[in-house]
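K.L.:
Given next are the chains, with one letter for each unit.
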Amino acid sequence: MSYPSDRKYTKEHEWITADGTVGITHHAQDSLGDIVFVELPKVGTELTMGKTFGTVESVKAVSDLYAPASGTVTAVNEALATAPEQVNKDAHRAWMVKVKMKNPAELNALLSAADYDKFVSEEAAH
Amino acid sequence: MSVVGATPTVRKTALNAVHRQMGAKMVEFNGWDMPVEYPASIGGGIVAEHMAVRTGVGIFDVSHMGDIRLAGREALAAVQHISMNDASRLALGQAQYSALLYPQGTFVDDVIVHRLGEDDYLLVINAGTREKDFNWVRDNTRQFDCKVEHLSDDFTQIAIQGPRGVDLLQKLTDADLSAVKFYWLTRGTVCGLKNILMGRTGYTAEDGFEIYIPPDEATSARVWHEILAAGKEFGVVPCGLGARNTLRLEGKLPLYGHEITDTINVWEAGLDRFCKMEKPEFIGHGALEKAKAEGVKRTLVGLEMVDRGIARDGYKVLDEAGREIGYVTSGSPAPFLKKNIALAYVPPAQSAIGTIVKVEIRGQGVRAQVIPTPFYKRPKKP
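So the sequence lines, in the order shown, correspond to chains F and W. Those letters in the first sequence? Residues 46 to 171, by the numbering used here. Those letters in the second sequence? Residues 43 to 424, by the numbering used here.
By construction, these hints were calculated from the structure, which means they are not laboratory data. By construction, the Cβ of each residue, glycine as well, lies at the ideal position given by its N, Cα and C atoms. There could be a bad hint or two in this list.
Only pairs whose alpha carbons sit at most 27 Å apart, straight line, appear in this in silico DSS-like list of lysine-lysine [as the list claims (entries may be wrong)]:
no., chain 1, residue 1, chain 2, residue 2
1, F, K134, W, K419
2, W, K321, F, K96
3, W, K274, F, K134
4, W, K236, W, K213
5, W, K294, W, K236
6, F, K87, F, K163
7, W, K321, W, K332
8, F, K134, F, K87
9, F, K87, W, K189
10, W, K334, W, K381
11, F, K87, F, K145
12, W, K274, W, K419
13, W, K294, W, K189
14, W, K236, W, K174
15, F, K87, W, K358
16, W, K332, F, K134
17, W, K223, W, K274
18, W, K223, W, K213
The calculated label-pair distances, taken between Cβ atoms and stated as ranges, are [what the hints assert, rightly or not]:
no., chain 1, residue 1, chain 2, residue 2, range
19, F, A159, W, G396, 50 to 60 Å
20, F, E168, W, D304, 16 to 26 Å
21, F, D109, W, A82, 17 to 27 Å
22, W, A82, F, S115, 50 to 60 Å
23, W, A263, F, A169, 15 to 25 Å
24, F, A124, W, E362, 48 to 58 Å
25, F, D109, W, A221, 20 to 30 Å
26, F, K56, W, K422, 48 to 58 Å
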C-alpha cells in the first residue's frame, strides 16, 4: 500500500490533510475488518489533539478515534452513518470530519506518508 | 485509532502455517493463535464468511477444540455421572449436546458426547478448558472401570459448515452422508485417509460436518486444500473465529466464559432440555433440584437493539428508568439477520418478549427489546 503524500498520519492510524480533513488509514480499516458503525461528533465540537473524538466499530471490535489536531469540527461525513462500509472500500477518501485547526503547526509533529508506511511495516513485523 | 496487534507465545494448530500463507488475520484465542478472518481477496472477511456458511459452505480449523475419550466396561456409567444429558439414550454413532457441571449446578464446560462404540465415548470440549476438563473428568470417574484418555492433540479437526457442506464432503468420501442424520456420526475414507470420523455436528446453527483427521502438518494441509478445491463449485470460503462467533450467536449457541460459566447454573442459562433430571444421579443434580425449587434470579434473553448502537460483551443492561438490571454476555452485529443482537442476563421480571430495556454504551442508555431466540433458525429442507 502506498499512502497518499498530500496528508499527515498519526501513530493511532488517523490521517489529516492541510485543510483539516480527517479520516482513518487503509491499514486501520484492514485491521478492523468489516466496519459497521461510525460515531462522530457534532459540528461545533472542540477537538484536542491526541484525545478521542469518536468511535469506529467493526463486526468484532470497537476502536476509539483520536484527534490528529486541535480545532473545531466544521463538517461531519453523514454518509458514514448509513454506509460505514465506505471506510473499508476507500479509507483515504471516506473522510470523517473536517476541522478548523487552532494551530496548524501541530501537523509538524505527525508522520509523513513514508514514515507512516515504515511505522506500519515495523508494527506488523512485531 | 488504536489497533490491536502482536501476539504472545501461544499454541498453534497443525494448520497454522496454512492460515498465515492464506493471509488470515491471526488472533490469540484461549491461548491459541487462530485465524479471525481471511482476506477479502479470497472471499473472506467476517461478513462474507458468515454469509457463505448461511447460504453455501465455509470451512473452519477447529483443531483447538479438545477431545476426551472414555472407554471400558463402565464408560456409560462414568459419562452419566459427569454429564447432565442422558447418554444412555445414545445409539451407536449418535451424539448429543451436554455439559459437565460442578456440584453447585454451574458449568465446568459444555460438551458434545459422541458414542463411538459399545462402551466407547468421545467428549468434544472447548479449547480454553482442555486441561481443566480433562482433570475434572479423570478425577471424577476414578470409581468406574473405564479408561480416560486426553486425545486433544491426536486430531486436526475441520468443520465443513453450511447447506452445501454435505455436498462438498460427499465429493471427498466413500461414506453415504445422506444416511447420516444431524448429530449422528459415520466413518469412512476421506481424501484417501481410511476410517475417518465424521460427525454431522457444528457450532454455526447450520447443517454441516466436523471431521477428525491425523494431526500432522502435511496431512492437515493436504486435506484442507483438497476441501477448498472440491468446494470451489459451491463457493466455499475458509472461515475464522470471527464468523464462528457471529454464526453461533445468531443461533443462540452458548459460549463458555460468556453465556455459561462456573457461576451460572443450567436453569439460568435456559439449557433445561439438555439436562435430564429424571436421571437418578449426576454431579450437580442435587443443587439443581434445589435451585429449581427456589426459582431463578436471572435468565438469559435475546436482545435486538432498537436505537442505533451495538451491544458488546460485558456491557450493562439497564431498565427503562436507567437502573442496572443485568449484563450482556455476547453482543454483535448479526451479518445474516442484518441487525444488532445480544444475549444478556436479566431478572425474570424483565425477560418477557417485547420488554424494552437499555444497554449502556459509552455511558449512554441505548434502547433494546427482548425478542424470541434463537435469533436464527435454519430453514427445514423441503
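K.L.:
All hints, please: hold or fail.
P.N.:
Evaluated hints:
1. K134/F with K419/W: 32 Å, violated
2. K321/W with K96/F: This hinted pair is violated, its Cα atoms lying about 59 Å apart.
3. K274/W with K134/F: Since the Cα atoms of K274/W and K134/F sit roughly 26 Å apart, the hinted pair holds (cutoff 27 Å).
4. K236/W with K213/W: Judged against 27 Å, a Cα distance of about 15 Å means the pair holds.
5. K294/W with K236/W: 35 Å, violated
6. K87/F with K163/F: Distance of about 34 Å is beyond 27 Å: violated.
7. K321/W with K332/W: Holds - the C-alpha atoms of K332/W and K321/W are around 16 Å apart, at most 27 Å.
8. K134/F with K87/F: Holds: K134/F and K87/F sit about 24 Å apart, inside 27 Å.
9. K87/F with K189/W: 65 Å, violated
10. K334/W with K381/W: 34 Å, violated
11. K87/F with K145/F: Judged against 27 Å, a Cα distance of about 14 Å means the pair holds.
12. K274/W with K419/W: 26 Å, holds
13. K294/W with K189/W: Cα-Cα ~34 Å, so violated.
14. K236/W with K174/W: Violated, at about 32 Å.
15. K87/F with K358/W: Status holds; Cα separation ~26 Å.
16. K332/W with K134/F: 56 Å, violated
17. K223/W with K274/W: 25 Å, holds
18. K223/W with K213/W: 18 Å, holds
19. A159/F with G396/W: 50 to 60 Å: 57 Å, holds
20. E168/F with D304/W: 16 to 26 Å: 37 Å, violated
21. D109/F with A82/W: 17 to 27 Å: 24 Å, holds
22. A82/W with S115/F: 50 to 60 Å: This hint is violated: roughly 35 Å between Cβ atoms.
23. A263/W with A169/F: 15 to 25 Å: Roughly 24 Å apart at Cβ, these two residues keep to the hinted range, so it holds.
24. A124/F with E362/W: 48 to 58 Å: 32 Å, violated
25. D109/F with A221/W: 20 to 30 Å: Violated, at about 53 Å.
26. K56/F with K422/W: 48 to 58 Å: Distance hint for K56/F, K422/W holds at roughly 53 Å.
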